[in-house]
Amino acid sequence: MYPSQTVEEFFAGETKVPIKFDRNVLGLGNLIGKDKTKEILKDQVYEIPFYIAEELVTKEIATLQLPKIFGNDVMNALKVTPIDMNLRNYCPQFYTFASDYALLWQDIINREYQRYGDERQHQLDLTKIQEFLEILKRSKIDRAVEILNRAKRFFEDHNDFLERLDDDERKSM
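FYI, this note's numbering numbers position 156 of the sequence shown as 163, with every residue one higher than the one before it.
Just so you know, the hints here were simulated from the structure itself, not pulled from any lab data. No incorrect hints appear here.
Quick list of simulated restraints, FRET-style, between CB atoms:
id, residue 1, residue 2, range
1, E21, L169, 21 to 31 Å
2, I136, L33, 32 to 42 Å
3, R30, F161, 51 to 61 Å
4, L110, F162, 39 to 49 Å
5, D80, L110, 21 to 31 Å
6, K27, F162, 50 to 60 Å
7, E119, L155, 32 to 42 Å
8, D164, L33, 50 to 60 Å
9, R127, K66, 26 to 36 Å
EDC-like, lysine to aspartate or glutamate: derived pairs with alpha carbons at most 16 Å apart:
id, residue 1, residue 2
10, K147, D91
11, K23, E54
12, K49, D29
13, K147, E176
14, K23, E61
15, K49, E67
From the three backbone atoms N, C-alpha and C, an ideal C-beta is built for every residue, glycine too.
Make a model of the complete structure from these sequences and hints.
What follows is the structure, given as structure tokens:
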């Protein structure tokens, strides 16, 4: 754990994400539960902790894939009924992890733009990130309003609602 990280940021890095290896790699099998002497083959997709995936993607050994927790079904549910979603089922530090993931995603897009110079693709990719962040922002605001409303009604039972909150949201209750 780095000294500048909070506990939440550290555990958000433990969330597993899929990556596809861009080349054969010897000696990294222990990252995915294989024998460390075994070779990881090119084009194979593995789910590994985000903090390791981040390094492999940054060093261009692997390509980041979209995690299931940010798939269309989850993002659509966040758009429609963010208050009813149990974010802890996806990731206890959902919003912290989503922010870290978006930053890495943006770094990848900017690096590809610098390398290939495709302005149209760059704008399309940035639009996707902006849409992703907008969904997260709106859902977080809706959930924060619900937290405030429930805090005003402290005499009611909110256990069911509390179980659906991520760690950062629980702190605000």
